[in-house]
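Line by line, the protein sequences give chains S and U. Using the numbering used here, you'd call the opening residue of the first sequence number 1 and step up by one each time. Using the numbering used here, you'd call the opening residue of the second sequence number 1 and step up by one each time.
Derived from the structure by calculation, the hints contain no laboratory data. Check before you lean on any hint, since a few could be wrong.
It does not matter which identical chain is meant; a pair holds if it fits inside one copy or across any two.
To be verified - Below 25 angstroms or equal to it, Euclidean Cα-Cα: the simulated DMTMM-like pairs (lysine to aspartate or glutamate) are:
id, residue 1, residue 2
1, K163, E337
2, K163, D335
3, K259, D109
4, K258, E121
Each chain is listed here by its residues.
There are 2 protein chains.
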Amino acid sequence: MNVVLKNDLLLRALLREPTPRRPIWLMRQAGRYLPEYRATRARAGGFLQMCTNPEIACEITLQPVDRFPLDAAILFSDILTIPHAMNLGLEFEAGEGPRFERPVRSAADIDKLGVPDPGRELKYVIDAVSLVRRELGGRVPLIGFAGSPWTVATYMVEGGGSKTFGVIKRMMYEAPRDLHRLLEVLAKSTIQYLNAQIAAGAQAVMLFDTWGGVLTPAQYEEFSLRYMAEVIDALTRQADGRRVPNIVFTKGGGAWLKKIAAIGCDCLGVDWTTDLATAQLAVDGRVALQGNLDPAALFATPEVLRAETLRVLASYGDGPGHVFNLGHGITPDVDPERVALLVATVQSHRLVPA
Amino acid sequence: MNVVLKNDLLLRALLREPTPRRPIWLMRQAGRYLPEYRATRARAGGFLQMCTNPEIACEITLQPVDRFPLDAAILFSDILTIPHAMNLGLEFEAGEGPRFERPVRSAADIDKLGVPDPGRELKYVIDAVSLVRRELGGRVPLIGFAGSPWTVATYMVEGGGSKTFGVIKRMMYEAPRDLHRLLEVLAKSTIQYLNAQIAAGAQAVMLFDTWGGVLTPAQYEEFSLRYMAEVIDALTRQADGRRVPNIVFTKGGGAWLKKIAAIGCDCLGVDWTTDLATAQLAVDGRVALQGNLDPAALFATPEVLRAETLRVLASYGDGPGHVFNLGHGITPDVDPERVALLVATVQSHRLVPA
Chain S
1 MNVVLKNDLL LRALLREPTP RRPIWLMRQA GRYLPEYRAT RARAGGFLQM
51 CTNPEIACEI TLQPVDRFPL DAAILFSDIL TIPHAMNLGL EFEAGEGPRF
101 ERPVRSAADI DKLGVPDPGR ELKYVIDAVS LVRRELGGRV PLIGFAGSPW
151 TVATYMVEGG GSKTFGVIKR MMYEAPRDLH RLLEVLAKST IQYLNAQIAA
201 GAQAVMLFDT WGGVLTPAQY EEFSLRYMAE VIDALTRQAD GRRVPNIVFT
251 KGGGAWLKKI AAIGCDCLGV DWTTDLATAQ LAVDGRVALQ GNLDPAALFA
301 TPEVLRAETL RVLASYGDGP GHVFNLGHGI TPDVDPERVA LLVATVQSHR
351 LVPA
Chain U
1 MNVVLKNDLL LRALLREPTP RRPIWLMRQA GRYLPEYRAT RARAGGFLQM
51 CTNPEIACEI TLQPVDRFPL DAAILFSDIL TIPHAMNLGL EFEAGEGPRF
101 ERPVRSAADI DKLGVPDPGR ELKYVIDAVS LVRRELGGRV PLIGFAGSPW
151 TVATYMVEGG GSKTFGVIKR MMYEAPRDLH RLLEVLAKST IQYLNAQIAA
201 GAQAVMLFDT WGGVLTPAQY EEFSLRYMAE VIDALTRQAD GRRVPNIVFT
251 KGGGAWLKKI AAIGCDCLGV DWTTDLATAQ LAVDGRVALQ GNLDPAALFA
301 TPEVLRAETL RVLASYGDGP GHVFNLGHGI TPDVDPERVA LLVATVQSHR
351 LVPA
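Between the sequences and the hints, there should be enough to build the whole structure, so can you do that?
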């Protein structure tokens, strides 16, 4: 593991250290828009089969990094590995999204949940991390990740994806203490899980809070942010002889950036509905920012895509601490040529030293 | 039509005039959570059949006002009546949401669209407005409504509901002038439609911008807000000898309230993700505010529902200009008894005169 990291732009930007240019990676960069991904998926037989097989997860993780000069790899996995390890009967039906056979609906259901041992029930993830680090050979850093406790809980309680989150919100209003117990188990599980990823070689970690934005401001603090703070606080901060930066991303959390920055994370993900200039004012230089091109800009003509990319670069200005990314995951129907153009545009944009 | 309005709390609050207590109505108050609505729907045969039959639309509009002492009726209709009148083949499949047989995808498709005549293709809506006004007999004011041009366009271009809005965003990036032409036709149609509703007796009107929140700040101004401003600017302001107030509601638009207030509307709808105290700071007394209880709070125990309702009342303070509502439409699985409790809680809360 003591291979020298050849490109550490991501890690420096996450810690707000100066870099000659901005690093770029893309949420869901190892995904269905790549023909090589679709080929691997057809061979593997399904999404869960890919996640749970370290060799396949490694292969998919490397695909976008082999194709484009991206500045980071992110582990190919899913935010539902923890509830999968809790034995809730996770299934991914084609085109349907995740489904749990045994959703968590009662205090008794919550009592049954244990904290999964990353070395056992989640060993396939940890093995994939080690394998990717070895295969990367120090080309770029590897990002590990987990879902936020709140976001993972929504799937466990709803039994899958939701539009209204009626079931978990009912639990929140009727039995808030039960929900807190569930979130507590998830926070503990997430800490052990991310620290195991770091021990296996993840050089940065990210918390995906995809559904924090469906809460009121007070609920967000009580049911989502509080548990992310607990996780961030307990993360291993030093590994491989260097600091392990972390990223927190609440989709739809543009109004709460100042509060999120205060939990002690290194970098905030920002979705495309908030200007980076506005986000910078909110966090006042305390954290780095990651984002935030509208993923749909990848459908534009090359000229418009280039202009939109330059607009995002300009919205951050020339200061340190910007990791270029989309404002949400890349969608399956994107032309990989557009991604090549995006990466080239960001990487040819030099930062003027202060 | 010159029946005296017995309860004008809504109209006064929308214009920021003092009221002894706050008015309350609920988005989608005439809806599936009511057993009488489900009975009428079963009899009518389907959603579109209910919308297009003035007698049935009137009957449904009155159901919540007959059951609860609500301070306003809102016309039972749909935001897709305009594209329905444009002959795009609208269908509502059970549990599937709206579908257009002939979505609008090209410049040629847009060329074919005309501005519907409210007195002909939309006569069923206008007739329903007249009928409701007559049947209400001045008990409470009647709110008319339309979708925002952007929101209606998303359904027309996507061919139905969407999660990613990939098709219309592709049009936005690749052919923005085509999209502007579509929005222009929709703005013109919306102006004629809402003014016809006002002429027929609507005493306030609301623009529902359900999907403005999926845009970047710059796109929101260019593709949604601009056309809502055009509509608001062209509305009839005086009817029945009094001012006709309007409400603009962009779901997920919490960061843009100041900009929305500047288009000259009377009241802003606020979803539950923004505190009313924060919203008041943003609009600085220029407009009234409508909202914003989390619709899921209706699943809570009576004690918690009451506490959440008082919290929303307190978050606005005692000043004029608050119309109590949910932060989004009421969901089908709510117990009507909870609605009764909510209405009673809001209506028993007296405002202290300044």
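For each hint, the structure was consulted:
no.	hint	verdict
1	K163 x E337	between (33 angstroms within a copy, 24 angstroms between copies)
2	K163 x D335	between (28 angstroms within a copy, 19 angstroms between copies)
3	K259 x D109	neither (32 angstroms within a copy, 47 angstroms between copies)
4	K258 x E121	neither (36 angstroms within a copy, 50 angstroms between copies)
Checked against the numbered hints listed earlier, the structure breaks hints 3, 4; every other hint is satisfied.
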